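Engineer: Let the sequences and hints guide you as you build the complete structure.
Chains as they are written, first to last, in the numbering used here: chain A, -17 to 246; chain B, 576 to 844.
Worth double-checking, as some hints may not be accurate.
As the list claims (entries may be wrong) - Okay, the calculated bits of chain B under chain A, using three or more residues with CB under 8 Å as the criterion: (1) 746 to 760; (2) 790 to 799.
Unchecked claim - Listed below are the simulated SDA-like cross-link pairs for lysine to any residue, each with C-alpha atoms no more than 20 Å apart in a straight line: (3) Lys160(A) <-> Ser222(A); (4) Lys92(A) <-> Trp748(B); (5) Lys92(A) <-> Arg834(B); (6) Lys114(A) <-> Arg834(B).
Don't read these hints as lab results, they were simulated from the structure. Here the structure is a predicted model, which means the values were calculated and not measured. Backbone N, C-alpha and C define an ideal beta-carbon position, used for all residues, glycine too.
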Amino acid sequence: MPPAPDSQFAPLVALRGVDKTFPSGTRALAGFDLEVRAGEFVTLLGPSGCGKSTALRIIAGLSEPTQGVVTWPQAAPANSAGRIGFVFQEPTLMPWASVFNNVLLPLKLKRSPAATAAKSVDAALDRVGLQKFSRAYPRQLSGGMRMRVSIARALVTEPQVLLMDEPFAALDEITRFKLNDDLLRMWQALRTTVIFVTHSVFEAVYLSSRVVVMAARPGRVFTEVAIEASYPRDQNFRTSPDYTALCRRTSEALAQAMAAGGEA
Amino acid sequence: MKAATSTRERRERALRFALPVAVLALGLAVWESLVRLNDIPPYVLPGPGLILRTLATDWAVLWQSLLVTLITTFEGFLLAAIGGVGLAVLFNQSRVVEYSFYPYAVILQVTPIVAIAPLLLIYLPQQAAVLVCAWIVAFFPVLANTTLGLNSVDRNLTDLFSLYGASRWQKLWHLKLPSALPHILGGLRIAGGLSLIGAVVAEIAAGSAGAGSGLAYRIAESSYRLNIPRMFAALLLLSVAGIAIFYLLTLINYLSLRRWHESALDAER
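Structural biologist: Structure below.
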């Protein structure tokens, strides 16, 4: 069974009226509203330049909104380290450190005791199927394996929410499908919340319980598409008429968003 | 196919070794025969044979001098490494410190060391002056390279460290320094050769003031006495020392980076 969104509780994270203007004058986000509930798999979908990565960085606290607020109604905001896992577009591994030490990093920075940390790292590597490669160095791994290490590192702190910024954009389709399936499996097993950014309609529909379609210049929420198909999803879902219909609906929403997005 | 490539590779490698050796042998033979055929006296130009014999007979003196120079070089190098990396880290941690002192580091670097050495010898004891010279020439490449390295850290990795609430110290120790390591080692490789040059320059300046016992001082002294073969022998030792320093640092560079850095990886993939 999918971990159904728990609507009776307050959202896990909420952005209200968030504006972001960069020092260069670029207005990345304007009046951006988003609520994400625990257990959801929400995807921000939109053309490049619609501010989806900026929104993700603001949720992560890596960037401050120019206006508006980000609230975490269910948690004390003071201790955010470890509550959020972040997966970048590139694997972003430390090339000088082994796979094990790369995954260990968040725990080391938190000064977790070595013995429990090592156990968590082993578990995280096991989860992404790389336990045999813990002593390898990133350069010895393929692109897909590096991304798995990156995911293992993001999950090693058992975060409440996993933020993913176009993590599979640079991978070939076969690897990408495989990682899509693995990600869904991990999301269900860990009952975590995922906020995912992509510009692929097909990926968004396959993964998400809800797709937030964004328009650009300035970046804002255009509409939402609920993906009501049940989990677990697999190859059958990918080829089902339901999936095709949902992709068409989402594509149409995206096309309207792009038309509304102004001069670009 | 593979065998053919490796045979060619092996031949290539043999040639890379054999050719310079052949050139050396040829050069020495021409040199020796020119000296003999024209009866050139040793105080004008000694032949390579005589230089080697001098090296053997004067070994005790030259070896002592070589040690003195090498110790100065090593101390200068060590101070340059500590000073260069230390200053770069300090500059990286504080803009105020960087803006205040960086211009002076540059001035120190661009002023020719030969011109500074006599001044230093006036104000400092001789051994200290020689050391300071070695340090001045050697520290700047370490500083410049380390600064470059510390500023070239992957921005996503920096974000990741911020996300996990890393302290300034954790960022420096676990992110910036390892990430700058290839640059630091590159700087050290340059600094090794330069600290030898700095030591030699200072010794020569000191030698003309009438004191000292390093290899460069032996060269200056032999020159006054027209002991040209010993000059060449001392020069040969300096040259060998420079080569040894370079390869030693290259080896350290390779050993530290071979697991992960592009520069140290095998061509095969």
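Engineer: Checking each numbered hint in turn, tell me which of them this model violates, lowest number first.
Structural biologist: Failing hints, ascending: 2, 5.
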